[in-house]
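Take these sequences, add in the hints, and give me the full structure.
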Amino acid sequence: MSSAVAQTQIPRLPHTSRVTQRRVFMSEWTKLRSVRSTRWSLLAAVGFTIGIAALACAVVSHHWPHLSAGDRRDFHPLEPNLAGVQLAQLALGVLGVLVITAEYSTGMIRASMTAVPRRLPVLWAKAVVYGLVTLVLTIPSVLIAFVIGQSIFSGRHINVAFTDPHVARAVIGAALYLTVVGLFGLGLGAIVRNTAGGIATFAGLMFVLPPLMYVLPTSWNNAASPYLPLQAGEAIMSTTPGNHLAPWTGLGLLCGYTAIAFAIAAVLLVRRDT
Amino acid sequence: MIEARNLTKDYGDKRAVDDLSFTVRPGVVTGFLGPNGSGKSTTIRLILGLDAPGGGDATVNGKHYRDHPAPLHEVGALLEARSVHSGRSAYNHLLSLAQTHGIPRGRVDELIDFVGLHDVADKRVGQFSLGMGQRLGIASALLGDPSTLILDEPVNGLDPEGIHWIRNVLKSLAAEGRTVFVSSHLMSEMSLTADQLIVIGRGRLIADTSVDEFVRQASGKLVRVRSPRAAELSVLLAAPGVTIGETDEDGLLEVNGLSPAEIGDAASEHAIPIHELTPLQASLEEAFMTLTRDEIEFKPLVDVEKKDEVAA
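Taken in sequence, the protein lines are chains A and B.
Basically our numbering = 1-based index in the first sequence + 43.
Basically our numbering = 1-based index in the second sequence + 558.
If you are wondering where the hints come from, they were derived from the structure by calculation, not from laboratory data.
Some hints could be false.
Unchecked claim - Below 20 Å or equal to it, Euclidean Cα-Cα: the simulated SDA-like pairs (lysine to any residue) are: (1) B:K572 with A:R315; (2) B:K681 with B:G664; (3) B:K621 with A:T59; (4) B:K729 with B:K572; (5) B:K729 with A:R55; (6) B:K681 with A:T81; (7) B:K729 with B:D753; (8) B:K621 with B:R736; (9) B:K729 with B:S826; (10) B:K621 with A:R79; (11) B:K681 with A:R76; (12) B:K621 with B:R583; (13) B:K621 with B:S705; (14) B:K729 with B:K621; (15) B:K621 with A:P54; (16) B:K729 with A:R315; (17) B:K621 with A:R162; (18) B:K681 with A:R79.
Have a look at this one:
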């Protein structure tokens with residue numbers, strides 16, 4: 044260390060180059076992969092998606108002989124198979140919040156915004172990089188969960204094939220849903236700029252709002268609930284008819300909520316002091 | 559080159575920067591001096607576009623910071639508040655900044671060596687000492703080989719060896735023709751590194767001058783006079799605009815408003831012996847205290863005329 048300290052002649056940089064959106068993508072990829080919270084949250088999401096699916100399918104399979112005829116009629120083999128998504132979405136939503144709020148809590152945002160003073164490329168890069176990483180991890184996760192779950196069910200001959208109606212849409216849709224939920228968290232985090240507040244907002248909209256709807260008269264609740272972010276998005280995984288939107292309409296609505304969150308975040312990012 | 563024109567910034571009903579105008583020129587180290595809370599860090603944030611000014615504007619190398627297509631090549635900044643993710647390694651921190659400009663990885667290694675962080679480059683920044691964090695901040699400021707450097711309290715937390723090093727770095731950066739703007743609340747530090755000074759208090763400009771001139775202005779015409787007939791002498795020298803301070807020591811006066819020659823001549827005319835006649839020069843520290851006395855945050859407001867009088 045001391046030998047380097049004596050050095051005062053600053054090394055020169057022979058070439059200079061400008062900020063581009065592609066370069067900001069590279070920077071955000073470096074940022075995402077170089078903190079621990081990313082690894083742990085993504086590992087948790089993958090683990091929940093596969094592990095809980097296997098566990099739920101094994102439990103159902105074990106109890107199958109004791110189920111009533113009515114329970115068997117209402118049963119769809121994808122339901123326990125996608126049970127892990129419920130926990131995975133929490134891990135991915137929280138990580139989405141952290142991707143941006145950790146910059147504010149540590150002060151990194153000042154370095155980011157001095158390097159990219161136009162600011163918005165940073166927000167877009169975070170969204171694209173985090174979205175791609177989530178998608179690349181969740182698609183194989185849901186496929187592995189599907190293969191494991193249905194091979195457990197095949198012992199009872201209650202399994203479905205990937206080519207059966209709705210199955211491919213529901214399984215791949217689960218990965219898309221998880222990705223959009225992660226981005227929804229990122230958008231909310233960018234608005235709130237504070238980790239605790241961001242997570243509270245995310246969890247509030249996703250998990251607290253639905254049970255709160257039960258204070259409403261039943262008809263209102265039934266009319267409004269399908270449009271909440273969680274229910275709308277989960278429609279993509281539906282295999283049975285019920286009080287939910289059409290699969291792609293539902294996911295589209297969640298994408299819309301996410302887009303609104305990003306639009307608000309973008310306006311605020313440019314306007315607010317850092 | 560940094561130019562601030564009538565910069566103003568309010569936080570709530572508190573005015574942090576008040577109609578501040580100055581120019582920082584290349585080739586010299588310019589000190590940015592003021593007591594804690596006087597608006598130095600806010601001014602720097604306004605220059606860097608992190609905060610939007612309420613009025614006026616600031617440009618670096620002729621443009622608003624935000625309009626530079628490659629800001630890291632124009633301006634290197636070290637902010638007072640930490641601006642590093644504590645969970646990331648020093649190497650990855652610098653790499654993520656370098657990548658925004660397509661600056662090659664080799665440059666990151668080069669700067670890590672330059673600031674002496676080679677052995678800890680892969681450690682998480684959260685484990686760094688204040689001094690190591692400061693070195694990392696200096697590395698990120700120099701990453702883009704910028705023509706202008708803005709460093710907020712760079713010596714904070716550095717060990718004596720590090721302080722010596724950063725002083726030399728600043729001087730050689732200025733000698734290369736770069737603009738070097740360094741804030742500090744420590745006068746002693748500025749007297750060792752800076753050539754020019756911009757002094758602010760409560761967000762307002764107090765002085766924009768060279769270090770030498772700053773000391774001279776603040777010193778006034780203070781002369782120490784020792785005489786066995788001090789009482790007689792003090793009656794003799796009394797005149798409008800002249801103040802004579804008695805000291806604890808018998809026969810010792812501090813005269814303000816007359817030159818040593820005027821005092822000596824007057825004494826000689828009346829045959830009063832003089833044992834000592836010393837023009838006093840205020841240290842930079844004293845000059846600073848004199849000029850910012852009325853500007854410290856918790857002091858009551860003074861009117862503008864009085865401030866100008868003190869500064870003149």
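Quick rundown of the hints versus the structure:
1. B:K572 with A:R315: holds, 18 Å
2. B:K681 with B:G664: holds, 19 Å
3. B:K621 with A:T59: Holds. K621 (chain B) to T59 (chain A) sits at ~18 Å (cutoff 20 Å).
4. B:K729 with B:K572: violated, 36 Å
5. B:K729 with A:R55: Holds. K729 (chain B) to R55 (chain A) sits at ~16 Å (cutoff 20 Å).
6. B:K681 with A:T81: Measuring from Cα to Cα gives roughly 17 Å; hence the hint holds.
7. B:K729 with B:D753: holds, 10 Å
8. B:K621 with B:R736: At roughly 16 Å apart (the allowed maximum being 20 Å), R736 (chain B) and K621 (chain B) satisfy the hint.
9. B:K729 with B:S826: Between K729 (chain B) and S826 (chain B) the Cα gap is close to 48 Å, so the pair fails against 20 Å, i.e. violated.
10. B:K621 with A:R79: violated, 39 Å
11. B:K681 with A:R76: holds, 15 Å
12. B:K621 with B:R583: holds, 15 Å
13. B:K621 with B:S705: OK: K621 (chain B) and S705 (chain B) at ~13 Å, within 20 Å.
14. B:K729 with B:K621: violated, 25 Å
15. B:K621 with A:P54: violated, 26 Å
16. B:K729 with A:R315: Violated. K729 (chain B) to R315 (chain A) sits at ~36 Å, over the 20 Å cutoff.
17. B:K621 with A:R162: holds, 17 Å
18. B:K681 with A:R79: Measuring from Cα to Cα gives roughly 13 Å; hence the hint holds.
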